[in-house]
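Construct the entire structure; sequences and hints are all you get.
One-letter residues, chain by chain:
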Amino acid sequence: MLSRRNFLTAAVGVAAATGLAACAKEDDSASDSTSGGSKALVLGFSQVGSESGWRSANTDSVKEAAKTAGYTLKFSDAQQKQENQISAIRSYITQGVDVIAFSPVVVTGWDAVLKEAKAKKIPVVLTDRSVETSDESLYVTLVGSDFTDEGRRAAKILEKVLEKAGHKGAVKIAQLEGTTGAAPAIERAKGFKEVMDADHADDWKIVVSQTGDFTRAGGKQVMAAFLQSNPDIDVLFAHNDDMGIGAIQAIEAAGKKPGKDILIVTVDGVKDGFIAMSEGKINAIVECNPLLGPQLMEVVQKVKDGETVERWIKTKEGDFMQDQAKAALPTRKY
Amino acid sequence: MTTTPRWRALTQHHLFWPVAVLVFLLLINVPFTPDFFSIKMTDGHLYGSLVSIVLFGSPLILVAVGMTLVIATGGIDLSVGAVVAITGALTCSYISDQADQSALSAVLLAMGIGLVAAVVCGLWNGFLVARMGIQPIIATLIIMVAGRGVAQLITDGQIITINSEPYKLIGGGYWLTLPFSIFVVAAVVAVTVALTRRTALGLLVESVGGNAEASRLVGIRSRRIKIMVYVFCALCAGIAGLMISSNTSAADGNNAGLWIELDAILAVVIGGTSLLGGRFSIGGTVVGALVIQTLTTTIYTIGVPTQTNLVFKAAVVIVVCLLQSPKFRAKVFGAKFGSGSGAKGGGKPSATPADTAPTTAAAPKMEVS
Numbered sequence: 001m002l003s004r005r006n007f008l009t010a011a012v013g014v015a016a017a018t019g020l021a022a023c024a025k026e027d028d029s030a031s032d033s034t035s036g037g038s039k040a041l042v043l044g045f046s047q048v049g050s051e052s053g054w055r056s057a058n059t060d061s062v063k064e065a066a067k068t069a070g071y072t073l074k075f076s077d078a079q080q081k082q083e084n085q086i087s088a089i090r091s092y093i094t095q096g097v098d099v100i101a102f103s104p105v106v107v108t109g110w111d112a113v114l115k116e117a118k119a120k121k122i123p124v125v126l127t128d129r130s131v132e133t134s135d136e137s138l139y140v141t142l143v144g145s146d147f148t149d150e151g152r153r154a155a156k157i158l159e160k161v162l163e164k165a166g167h168k169g170a171v172k173i174a175q176l177e178g179t180t181g182a183a184p185a186i187e188r189a190k191g192f193k194e195v196m197d198a199d200h201a202d203d204w205k206i207v208v209s210q211t212g213d214f215t216r217a218g219g220k221q222v223m224a225a226f227l228q229s230n231p232d233i234d235v236l237f238a239h240n241d242d243m244g245i246g247a248i249q250a251i252e253a254a255g256k257k258p259g260k261d262i263l264i265v266t267v268d269g270v271k272d273g274f275i276a277m278s279e280g281k282i283n284a285i286v287e288c289n290p291l292l293g294p295q296l297m298e299v300v301q302k303v304k305d306g307e308t309v310e311r312w313i314k315t316k317e318g319d320f321m322q323d324q325a326k327a328a329l330p331t332r333k334y
Numbered sequence: 335m336t337t338t339p340r341w342r343a344l345t346q347h348h349l350f351w352p353v354a355v356l357v358f359l360l361l362i363n364v365p366f367t368p369d370f371f372s373i374k375m376t377d378g379h380l381y382g383s384l385v386s387i388v389l390f391g392s393p394l395i396l397v398a399v400g401m402t403l404v405i406a407t408g409g410i411d412l413s414v415g416a417v418v419a420i421t422g423a424l425t426c427s428y429i430s431d432q433a434d435q436s437a438l439s440a441v442l443l444a445m446g447i448g449l450v451a452a453v454v455c456g457l458w459n460g461f462l463v464a465r466m467g468i469q470p471i472i473a474t475l476i477i478m479v480a481g482r483g484v485a486q487l488i489t490d491g492q493i494i495t496i497n498s499e500p501y502k503l504i505g506g507g508y509w510l511t512l513p514f515s516i517f518v519v520a521a522v523v524a525v526t527v528a529l530t531r532r533t534a535l536g537l538l539v540e541s542v543g544g545n546a547e548a549s550r551l552v553g554i555r556s557r558r559i560k561i562m563v564y565v566f567c568a569l570c571a572g573i574a575g576l577m578i579s580s581n582t583s584a585a586d587g588n589n590a591g592l593w594i595e596l597d598a599i600l601a602v603v604i605g606g607t608s609l610l611g612g613r614f615s616i617g618g619t620v621v622g623a624l625v626i627q628t629l630t631t632t633i634y635t636i637g638v639p640t641q642t643n644l645v646f647k648a649a650v651v652i653v654v655c656l657l658q659s660p661k662f663r664a665k666v667f668g669a670k671f672g673s674g675s676g677a678k679g680g681g682k683p684s685a686t687p688a689d690t691a692p693t694t695a696a697a698p699k700m701e702v703s
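Chains as they are written, first to last, in the working numbering: chain A, 1 to 334; chain G, 335 to 703.
Honestly, the hints are just simulated from the structure, not real lab data. In this text the structure is predicted, and so the values were computed from the model without any measurement. Note that the Cβ used here is the ideal one computed from N, Cα and C, for glycine as well. Treat each hint with caution, since some may be false.
With a Cα cut of at most 30 Å, we get these calculated DSSO-like pairs of lysine-lysine [to be verified]: (1) K333(A) x K502(G); (2) K333(A) x K81(A); (3) K193(A) x K647(G); (4) K205(A) x K172(A); (5) K374(G) x K260(A); (6) K118(A) x K63(A); (7) K205(A) x K374(G); (8) K647(G) x K190(A); (9) K665(G) x K172(A); (10) K193(A) x K257(A); (11) K156(A) x K271(A); (12) K374(G) x K271(A); (13) K205(A) x K661(G); (14) K193(A) x K164(A); (15) K502(G) x K256(A); (16) K39(A) x K120(A); (17) K257(A) x K502(G); (18) K81(A) x K374(G); (19) K374(G) x K257(A); (20) K260(A) x K502(G); (21) K647(G) x K172(A).
Non-contacting residues of chain A with respect to chain G, defined by C-beta distances greater than 10 Å in every case (computed) [unchecked claim]: (22) R55; (23) K67; (24) A69; (25) V107; (26) A119; (27) K120; (28) E136; (29) I157; (30) L162; (31) A201; (32) D261; (33) K302; (34) K316; (35) D323.
Given below as structure tokens:
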């Protein structure tokens, strides 16, 4: 039996551990931008967490751009928890920052805290992901990618890839989806299907589609099973580079050549994806750009000055074919 | 009618139902993948669905084997997923710092560093449980929560990609035409079975699980046994961590081994080990882990829609667990299948299913193969 004292020890231990995790690292870079003096624009930014290379690149971009613009950035990492993010936003409201920006962890549940910001007349800018609110006036704008369009672009670039590979006739497509229920997974699949249904209803067909959870291990395992059940797959469309990289290993283990026997199109454009493309193993990458810092700072300034901005400012993104891979590789930051 | 007693003995063997489910799951695949059982040579190694199942299931088997011994002492280890991530992260980040990533000595040293970290995690868990008297679920929760943070700290929140031929062998390479990980798993399972069933160690573990205080009073060092099983479990998780990171040649602090603790506990339960402690079956656990991996592969090959993956998985797991319950079997199939344990349990119908399941495997010193 566990004695009461021991239980207390344990409870305190766990509380301490989670407490440490919960009090999100708040790193106040005010000291960096002393040049701006007291007049510098103060931006409170709450990041989702640091779950991937994409996310860390996103964080670095925001920090760097704020520094270049001479703003005082109050940055906090929510470590994937909505309550951390809400308390960070609350503290920005109390501190009276000029503009609040954040990448919401989840889609719903923001109304209360956003209303508090509105009452204090602090404009809110969303980055990367959107929210669902009852009142559209609770945030000014969203700076982020259009995932549906990424799906459409993937389908369009696949046309080019097929043409280049000289593929004729029916196309059997395998799709590696992102985490079930995540916006990028749903919308990328939707965009891809849109183009497919409109332009290639007769010749393209998604023969298998399954989630690989956006991870390399997931992509590898699912692709290995696909290759067993459908050995005649022509094309792989992966919702991110990491799943594509995992799938490449599975394709190689099956004795096939990725990029030749099976044409591969992925989304994101992380460095490892470009390395694989420069080796000829990925045929095309649709970029999902995390480097939205400069665009964000531009918007923040406009919002501060009371200018009207669009509801959705889409990040600048490119599409890359294999022949561009080598040239683009050195410029990839993440 | 002459076959009846033999059939009856067979259905009451503790491995009968897990194996039956495994065979059933494998057969489901045949209509969807006609050459499911075919194995062919590709690039000098065997290739086929069965090979994939064993290859991708290897880490789970290892983690589950370690978990079995912890559960046999009446404990539980939730930290294995985090240990998988830490081991992979440390090993890969060490290898990625090397000028020559394929140097064998550096790879061995890196693996050593990773495994030492795993053992330290195990010692910490064992210390909290055995010395501090903290409930295992709480004690191991600490590393489960904090450990993944440590792994991300090591990898700097990035996925570390390495390019090391010797390291690739352990989780993704082939030896004698078979995945190398099969040999690692076979070795670990063989050593575990030998240690627990050929020596008194298994009996001591079960005794501690049955009643730690009574065991201590008869002269068994309960605490030492407990610390030992947590260290062993963490070591197994560490080896699994090496395999997982080696399989994709990358360390992903965020996702490596995510939720593997739950799959491992499930594998142990499917294998017929009681969560109350006191009895265990390594053979059952291996079959349980293979059932889970086959189920995952089946979902991918038969084309279950993504949104219903988990429902499908849950339905199969519920069926397996019900089949494991002698009381349920007695109700549904009649006395022929279910009576065995009822008689041994002294006809006490109030026992929980988790309790009754392993009692079919009566003798504590059962043979495992």
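Checked hints:
1. K333(A) x K502(G): holds (26 Å)
2. K333(A) x K81(A): holds (27 Å)
3. K193(A) x K647(G): Distance of about 27 Å is within 30 Å: holds.
4. K205(A) x K172(A): Holds. K205(A) to K172(A) sits at ~5 Å (cutoff 30 Å).
5. K374(G) x K260(A): holds (22 Å)
6. K118(A) x K63(A): Status holds; Cα separation ~25 Å.
7. K205(A) x K374(G): holds (28 Å)
8. K647(G) x K190(A): Status holds; Cα separation ~26 Å.
9. K665(G) x K172(A): Measuring from Cα to Cα gives roughly 48 Å; hence the hint is violated.
10. K193(A) x K257(A): holds (26 Å)
11. K156(A) x K271(A): holds (22 Å)
12. K374(G) x K271(A): This hinted pair is violated, its Cα atoms lying about 35 Å apart.
13. K205(A) x K661(G): Given pair K205(A), K661(G) is violated - Cα atoms ~48 Å apart, limit 30 Å.
14. K193(A) x K164(A): holds (22 Å)
15. K502(G) x K256(A): Given pair K502(G), K256(A) holds - Cα atoms ~19 Å apart, limit 30 Å.
16. K39(A) x K120(A): OK: K39(A) and K120(A) at ~19 Å, within 30 Å.
17. K257(A) x K502(G): OK: K257(A) and K502(G) at ~19 Å, within 30 Å.
18. K81(A) x K374(G): Since the Cα atoms of K81(A) and K374(G) sit roughly 47 Å apart, the hinted pair is violated (cutoff 30 Å).
19. K374(G) x K257(A): holds (17 Å)
20. K260(A) x K502(G): Given pair K260(A), K502(G) holds - Cα atoms ~24 Å apart, limit 30 Å.
21. K647(G) x K172(A): holds (27 Å)
22. R55: Violated, since 7 Å does not exceed 10 Å.
23. K67: holds (20 Å)
24. A69: Label holds. Min Cβ-Cβ 24 Å, cutoff 10 Å.
25. V107: For V107(A), whose nearest Cβ neighbour in chain G is about 17 Å away, the distance exceeds 10 Å, so it holds.
26. A119: holds (35 Å)
27. K120: holds (33 Å)
28. E136: Label holds. Min Cβ-Cβ 29 Å, cutoff 10 Å.
29. I157: holds (24 Å)
30. L162: holds (24 Å)
31. A201: Holds, since 21 Å exceeds 10 Å.
32. D261: holds (13 Å)
33. K302: Its Cβ never comes within 10 Å of chain G, the nearest being 31 Å, so this holds.
34. K316: Given that every Cβ of chain G is farther than 10 Å from that of K316(A), nearest at about 24 Å, it holds.
35. D323: Holds, since 23 Å exceeds 10 Å.
In this structure, the earlier hints numbered 9, 12, 13, 18, 22 are contradicted, and the remaining ones agree with it.
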